[in-house]
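Q: Here is what each chain is made of, one letter per residue.
Protein chains: 2
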Amino acid sequence: MRRMNFSAYIPTKLVFGAGELSRLAECSLPGKKALVVISAGTSMRKYGYLDRLCGLLKKNGVEPVVFDKILANPVKTHVMEGAAVCRDNGCDFVVGLGGGSSIDSAKSIAVMAVNDGDYWDYVSGGTGKGMPVRKALPIVAIPTTAGTGTEMDPWTVITNEDTKEKIGFGCDLTFPTLSIVDPELMLSIPPKFTAYQGFDAFFHAAEGYIASIASPVSDLYALEAVRLLYKYLPVAVKNGSDLKARSKVAWASTLAGMVESTSSCTSEHSMEHAMSAYYPQLPHGAGLIAISEAYFTAFKNDRMKRYMKMYEIMTEKKSARPSDFVDALVFMQKECGVDNIKLSDYGIGPDDFPRFADNAVNTMGGLFGYDPRQLTNAEIIDIYSKSYK
Amino acid sequence: MRRMNFSAYIPTKLVFGAGELSRLAECSLPGKKALVVISAGTSMRKYGYLDRLCGLLKKNGVEPVVFDKILANPVKTHVMEGAAVCRDNGCDFVVGLGGGSSIDSAKSIAVMAVNDGDYWDYVSGGTGKGMPVRKALPIVAIPTTAGTGTEMDPWTVITNEDTKEKIGFGCDLTFPTLSIVDPELMLSIPPKFTAYQGFDAFFHAAEGYIASIASPVSDLYALEAVRLLYKYLPVAVKNGSDLKARSKVAWASTLAGMVESTSSCTSEHSMEHAMSAYYPQLPHGAGLIAISEAYFTAFKNDRMKRYMKMYEIMTEKKSARPSDFVDALVFMQKECGVDNIKLSDYGIGPDDFPRFADNAVNTMGGLFGYDPRQLTNAEIIDIYSKSYK
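As they're listed, the protein sequences go chains A and B.
So the first sequence is numbered by the numbering used here: it starts at 67 and just counts up by one.
So the second sequence is numbered by the numbering used here: it starts at 67 and just counts up by one.
A couple of the hints might just be wrong.
Only pairs whose alpha carbons sit at most 27 Å apart, straight line, appear in this in silico DSS-like list of lysine-lysine [what the hints assert, rightly or not]:
1. B:K383 <-> B:K304
2. A:K135 <-> A:K201
3. A:K310 <-> B:K375
4. B:K371 <-> A:K383
5. A:K384 <-> B:K375
Because the hints were derived from the structure by calculation, they are not lab data.
Same shape as in the complex, but just chain A (with noise of 0.2 Å):
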């Protein structure tokens, strides 16, 4: 019998669904004073996300203090700054609005916010400290895009600028307090983008379903992310304004979030860690695809009845060896038109995946540990090998 024993936890509050966002006028909130975390890009005033967002919050009697400065690739120097503003605005709590650097920089905002010190001295992997995290604010998560899934996990992924260092990291207190997953605020994401974050949902349930803790409870959420991304991200991708289709990737995504808080990404995620901390402009989920191929290529036969599996969920058919998997994968990945990304475009070259193994294996080194068997340093320059093109 395969695993029976497992632990699950999820205490978040998940509210899901178009036209959602404006239950946060009425819903219970954790103070009545919010920072709210958001990138440094323009879409989230472009669209009206954040007039939205505040004016809501204020019809709730809670006052908003906005802090607009996240990069995609988020970075330690604002969680610092992040957490000074909150503590200098008496914040109640933290609201992290946009995608998963938004949202995981308010995780983290929220933990500095109430404790000492440097946030690198409790991120436990590489050169952090570990220190236990015994408080946090209270978080609120709004995701305007459907890929990280942090909306329903504990997780959050910060860049060490000096270290060069990107890690996950998180504990009990840094789960979101309430999510508020509206598909409506997803409506404007471009097709590529609709593309990279489907994709890292897509990986979060695929590792997750082929990692050494999947569990029962996370099999069911993962089988189900997988069998909706395959089915819905291509039409999300070609028409953006499918609700519908907008909706199912949506809750494939934050069920990708929920296989994160029960089973747990496998080495993959570190291995494009590594290249998007030296390559901060290659998007994480871009990444993700340009490696998968030959990373789910590796494990095809370590793994043979759930790749198998994966493959009949996906596509309703029989599989007949485990590669049917990986074949599906890089349809769809053709179907949603990210089938040639070329790792060259980003400047990235041959003369990096040496470097790309060591900081993957020193920074997140704890997730190799899940894969499905014990890669080896000449294996994963392989698989940074055979994705080069």
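Got chain A; can you put chain B on it based on the hints?
A: For chain B alone, kept in the frame of chain A given last:
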């Protein structure tokens, strides 16, 4: 598109698996003194569960105070009495060890230990006053049966002896903080009760799946619970020492509790509660089984696709018509040796049906609102009549 707007909230930390009870000696617990609530029966002592639990608590630095008066259909008097014991002893949290009756009582005691007045002041439904519950002691649930799912939902069902009302009640504060589901504690359940309890879980899932508020998340839990119970409940009934079957049934029951937290039971549960409010000797599961064929037949044309889907998940065969599900349900009851429950054995007669129908609507009328369509009083009586043997 079927209901894509929904919310989900299950803040309980679940620890699942054979042998996991021993974790109690080391895990973080919400205080230093615990009221341990068990039934008035002998089994918790006979099988050594109580001693083991108290030993593990002590090892973890927690002093246990035992309250051992809970009846199979738990009553308000014992909730009030347990709350007084809890207060008098200065307990920090409440542990429910046993079947649903003990855990439900632990939840209600956790409420009344820190709130004034009578328990029925807080119950909503029937003659309850529905006052809001703003605080409760933390609750730890340790089920020794697989049926109620109470370890993963906020519900507690208590009977008011004076008014003959058996009412479900719950709020965010009555979710257990921690639930340890250890199938080893279920090995000693006799076949008949294994079946009664397993069918209770089955109906939580099946009702939650046909309920008008079923959602994408409750559907995931419900279909998996229904699938596992169809496959493994007859095995667990026939060979109670089969730990794999016990584990699968326990997990299905926990999943069905998650259905109760994310969807709802329908009126089958109201109708059964009316029966066992008047006839406390009738086990809840036996009452449900007795009315289930007539009950599910009544809605077969209102949820055709969902009936067929349940049949297909259960049997791995294509369904031709919704009544296939009812046939599979009856087959499963035969396999478990519970297809011939005689209500007359419990003293129930046709004269009871009108007062059952009134009681069901008056005390738990809310669940009728989640039915696939509104039942008339005549239809309710007809379901009771068809179930009478």
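Q: Work down the list of hints and note, for each, if the structure agrees.
A: Cross-check of the supplied hints:
1. B:K383 <-> B:K304: holds, 24 Å
2. A:K135 <-> A:K201: Roughly 24 Å between the alpha carbons, so the hint for K135 of chain A and K201 of chain A holds.
3. A:K310 <-> B:K375: holds, 22 Å
4. B:K371 <-> A:K383: Within the cut-off at roughly 21 Å; holds.
5. A:K384 <-> B:K375: The given pair, whose Cα atoms are some 19 Å apart, holds under the 27 Å limit.
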